[in-house]
Amino acid sequence: MEFGSARFRCHLDENQRLSIIPAMITQMRVKGLIFDPYNNAYIVVLRDEDNTDMLPIWVGKSEASAIGLAIENVTAPRPMTHDLMKSFLDVFDAKVISVVITDLNDNTYYAKIHLTFEDSEYTVDSRPSDAIALALRTSAPIFASESVIKKQSSDELEQWLENLKPEDFGKLDS
Amino acid sequence: MAPMKPDLALVEVKVKQVIEDSSTDTKIVVLKNEDGSETLPIWVGASEGQAIRLAMDHAVSPRPMSHDLIRSFAEHLEVTIQHVVLTDVKSSTYYATIHLTSKGVDRTLDARPSDAIALALRATRPIYVTRDVLGRRTAANLDAWVAKLETKNIET
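Heads up: the protein sequence lines correspond to chains A and B, in order. The numbering of the first sequence is the numbering used here, which starts it at 1 and goes up by one. The numbering of the second sequence is the numbering used here, which starts it at 1 and goes up by one.
So that you can see chain B by itself, here it is in the shape it has in the complex:
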């Protein structure tokens, strides 16, 4: 079986920043494609956002965090984390899949985007979003909205 290749409809994105949403107890993970022309903000819980921020900074904590533990399971079982895909959005809940390979066999796990992103960053594996999900962003002026947030609340 050939290694799983991302579908052509997948767009690779990177985590640009994690912004505090001061009005709620949540954080916003801002994903952007290579040339910055597409932006996808995802609302996550405070601790999920924190896990992503730590992974972005390549922060090494004295004890393994939960996503380090999943990576450690993968290493012990000789499972390769290939990539993660943000696959769907239903009534503002996002869905993700984690693609794994073990001895040439591909496996897919259902996950929340926050776990998928944190794991991908920890394992330095690519994050993809389907064109479909990118196309279903609700607000047309999201970029302007994110820009406005950034001026007030820049993550350093």
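In isolation and in its complexed conformation, chain A is listed as follows:
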């Protein structure tokens, strides 16, 4: 499958197109879920295909659990919140085409969920944790805008990650 960025520009006129081309997006994969004991939170680690770019996203415990269940392909006996989200879209034949981590402001990340429904495209604002949990359940690709990847202070983080023991990644780093 190929996921070009063209689909995100299809409704824009020529001027908007020119301004949006430099804001490229990169496809990312969820590489793992790490517990961050200093902040009592979890880090979702996203990496691009050739492992040159990395994007860590801090999420709460329940958001991490929603992502963790999807990574490990665990089906809960009762539908979890994002399973409900998926069945909501399924019952109306709405499809998640992609999710994009779009912005980072004061350590808050923003994401967009792109849907198709009855031949129309919709973009829905969401938290990255919801977008990722839903993308993993619908096999939709996850993208990050390059401005977001550049904004995060990668040096500091690479070092922090290198200090982690392999077992901290657990079996999620597949």
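None of these hints come from the bench; they were simulated from the model. Be careful, since some hints might not be right.
When the alpha-carbon atoms are kept at most 20 Å apart in a straight line, the in silico EDC-like pairs for lysine to aspartate or glutamate are as follows [unchecked claim]:
{"id": "1", "chain 1": "A", "residue 1": "Lys95", "chain 2": "A", "residue 2": "Glu121"}
{"id": "2", "chain 1": "B", "residue 1": "Lys103", "chain 2": "A", "residue 2": "Glu118"}
{"id": "3", "chain 1": "B", "residue 1": "Lys32", "chain 2": "B", "residue 2": "Asp132"}
{"id": "4", "chain 1": "B", "residue 1": "Lys14", "chain 2": "B", "residue 2": "Asp35"}
{"id": "5", "chain 1": "A", "residue 1": "Lys86", "chain 2": "B", "residue 2": "Glu75"}
{"id": "6", "chain 1": "B", "residue 1": "Lys103", "chain 2": "B", "residue 2": "Glu75"}
{"id": "7", "chain 1": "B", "residue 1": "Lys14", "chain 2": "B", "residue 2": "Asp132"}
{"id": "8", "chain 1": "B", "residue 1": "Lys32", "chain 2": "B", "residue 2": "Asp88"}
{"id": "9", "chain 1": "A", "residue 1": "Lys95", "chain 2": "A", "residue 2": "Glu118"}
{"id": "10", "chain 1": "B", "residue 1": "Lys103", "chain 2": "A", "residue 2": "Glu121"}
{"id": "11", "chain 1": "A", "residue 1": "Lys61", "chain 2": "B", "residue 2": "Asp21"}
{"id": "12", "chain 1": "B", "residue 1": "Lys14", "chain 2": "B", "residue 2": "Glu38"}
{"id": "13", "chain 1": "A", "residue 1": "Lys150", "chain 2": "A", "residue 2": "Asp106"}
{"id": "14", "chain 1": "B", "residue 1": "Lys16", "chain 2": "B", "residue 2": "Asp57"}
{"id": "15", "chain 1": "A", "residue 1": "Lys86", "chain 2": "B", "residue 2": "Glu78"}
{"id": "16", "chain 1": "B", "residue 1": "Lys103", "chain 2": "A", "residue 2": "Asp93"}
{"id": "17", "chain 1": "B", "residue 1": "Lys103", "chain 2": "A", "residue 2": "Asp90"}
{"id": "18", "chain 1": "A", "residue 1": "Lys86", "chain 2": "B", "residue 2": "Asp106"}
{"id": "19", "chain 1": "A", "residue 1": "Lys61", "chain 2": "B", "residue 2": "Glu20"}
{"id": "20", "chain 1": "A", "residue 1": "Lys86", "chain 2": "B", "residue 2": "Asp110"}
{"id": "21", "chain 1": "A", "residue 1": "Lys95", "chain 2": "B", "residue 2": "Glu78"}
{"id": "22", "chain 1": "A", "residue 1": "Lys61", "chain 2": "B", "residue 2": "Asp25"}
{"id": "23", "chain 1": "A", "residue 1": "Lys86", "chain 2": "A", "residue 2": "Asp119"}
{"id": "24", "chain 1": "A", "residue 1": "Lys95", "chain 2": "B", "residue 2": "Glu75"}
{"id": "25", "chain 1": "A", "residue 1": "Lys31", "chain 2": "A", "residue 2": "Asp48"}
{"id": "26", "chain 1": "B", "residue 1": "Lys103", "chain 2": "A", "residue 2": "Asp119"}
{"id": "27", "chain 1": "B", "residue 1": "Lys16", "chain 2": "B", "residue 2": "Asp35"}
Non-contacting residues of chain B with respect to chain A, defined by C-beta distances greater than 10 Å in every case (computed) [what the hints assert, rightly or not]:
{"id": "28", "residue": "Leu54"}
{"id": "29", "residue": "Met56"}
{"id": "30", "residue": "Asp57"}
{"id": "31", "residue": "Arg125"}
If you only want the chain B side, here are some residues facing chain A, beta carbon under 10 Å, derived [said to hold, decoys possible]:
{"id": "32", "residue": "Phe73"}
{"id": "33", "residue": "Glu75"}
{"id": "34", "residue": "Val79"}
{"id": "35", "residue": "Thr108"}
{"id": "36", "residue": "Leu109"}
{"id": "37", "residue": "Ala111"}
{"id": "38", "residue": "Arg112"}
{"id": "39", "residue": "Asp115"}
{"id": "40", "residue": "Ala116"}
Keep in mind the model is a prediction, meaning the values are calculated, not measured. Positions of the beta carbon are idealized from the N, C-alpha and C atoms, including for glycine.
Got chain A; can you put chain B on it based on the hints?
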């Protein structure tokens, strides 16, 4: 097709409070009918209870929470959330359905009561419990038990 009307065997309830269960990592959602004569406590996870509490308080979070996102999907797809029903209880697991309408067609989704309740509160839609579920509450002295909890642990 006529809009779905709740069955006569359905009793409308409201979320009265969310209580911490200090002995476990769970919260208790206390549902009561209109005149307060019927009480149904439901045990939910800590984060599910938190989502319900935020929805009760009409708290607006800076970023959309998961149930806000479902509501937002509904708005985009022009789907109306009609009501939710707590339909069944099997070995202390509760079952719920979410009733939706899209272009005059009714749809029903299976859900956990915690999601159904959080969504109903966010969308300001009614919550119903079947008479059957109300009648199958285990302890006969539940009201007394809830009252006892309240004195120790009142949610403000």
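Each hint tested on the structure:
1. A:Lys95 to A:Glu121: 10 Å, holds
2. B:Lys103 to A:Glu118: Holds. B:Lys103 to A:Glu118 sits at ~13 Å (cutoff 20 Å).
3. B:Lys32 to B:Asp132: 15 Å, holds
4. B:Lys14 to B:Asp35: 10 Å, holds
5. A:Lys86 to B:Glu75: 16 Å, holds
6. B:Lys103 to B:Glu75: 13 Å, holds
7. B:Lys14 to B:Asp132: Answer holds: B:Lys14 to B:Asp132 is near 17 Å, not above 20 Å.
8. B:Lys32 to B:Asp88: Roughly 17 Å separates the two Cα atoms, so the pair holds.
9. A:Lys95 to A:Glu118: 10 Å, holds
10. B:Lys103 to A:Glu121: Holds, because 18 Å separates the two Cα atoms, which is no more than 20 Å.
11. A:Lys61 to B:Asp21: Since the Cα atoms of A:Lys61 and B:Asp21 sit roughly 19 Å apart, the hinted pair holds (cutoff 20 Å).
12. B:Lys14 to B:Glu38: 11 Å, holds
13. A:Lys150 to A:Asp106: 15 Å, holds
14. B:Lys16 to B:Asp57: 11 Å, holds
15. A:Lys86 to B:Glu78: The hint holds at about 17 Å.
16. B:Lys103 to A:Asp93: Given that 20 Å is the threshold and the Cα spacing comes to 14 Å, the pair holds.
17. B:Lys103 to A:Asp90: 16 Å, holds
18. A:Lys86 to B:Asp106: 18 Å, holds
19. A:Lys61 to B:Glu20: OK: A:Lys61 and B:Glu20 at ~18 Å, within 20 Å.
20. A:Lys86 to B:Asp110: Distance ~12 Å between A:Lys86 and B:Asp110 Cα, so the pair holds.
21. A:Lys95 to B:Glu78: Holds - the C-alpha atoms of B:Glu78 and A:Lys95 are around 15 Å apart, at most 20 Å.
22. A:Lys61 to B:Asp25: Cα-Cα ~13 Å, so holds.
23. A:Lys86 to A:Asp119: 19 Å, holds
24. A:Lys95 to B:Glu75: 15 Å, holds
25. A:Lys31 to A:Asp48: Answer holds: A:Lys31 to A:Asp48 is near 9 Å, not above 20 Å.
26. B:Lys103 to A:Asp119: This hinted pair holds, its Cα atoms lying about 16 Å apart.
27. B:Lys16 to B:Asp35: Holds - the C-alpha atoms of B:Asp35 and B:Lys16 are around 12 Å apart, at most 20 Å.
28. Leu54: 12 Å, holds
29. Met56: 17 Å, holds
30. Asp57: 18 Å, holds
31. Arg125: 14 Å, holds
32. Phe73: 6 Å, holds
33. Glu75: 9 Å, holds
34. Val79: 6 Å, holds
35. Thr108: 9 Å, holds
36. Leu109: For B:Leu109, the interface hint holds, since the closest Cβ of chain A sits about 6 Å away, which is under 10 Å.
37. Ala111: It holds, given that the least Cβ distance between B:Ala111 and chain A is near 5 Å, below 10 Å.
38. Arg112: The hint holds - B:Arg112 has a Cβ within 10 Å of chain A, the shortest such distance being about 5 Å.
39. Asp115: OK, holds: B:Asp115 within 10 Å of chain A, min 5 Å.
40. Ala116: Holds: closest Cβ of chain A sits about 9 Å from B:Ala116, inside 10 Å.
Every hint, counting from the list given before, is met by this structure.
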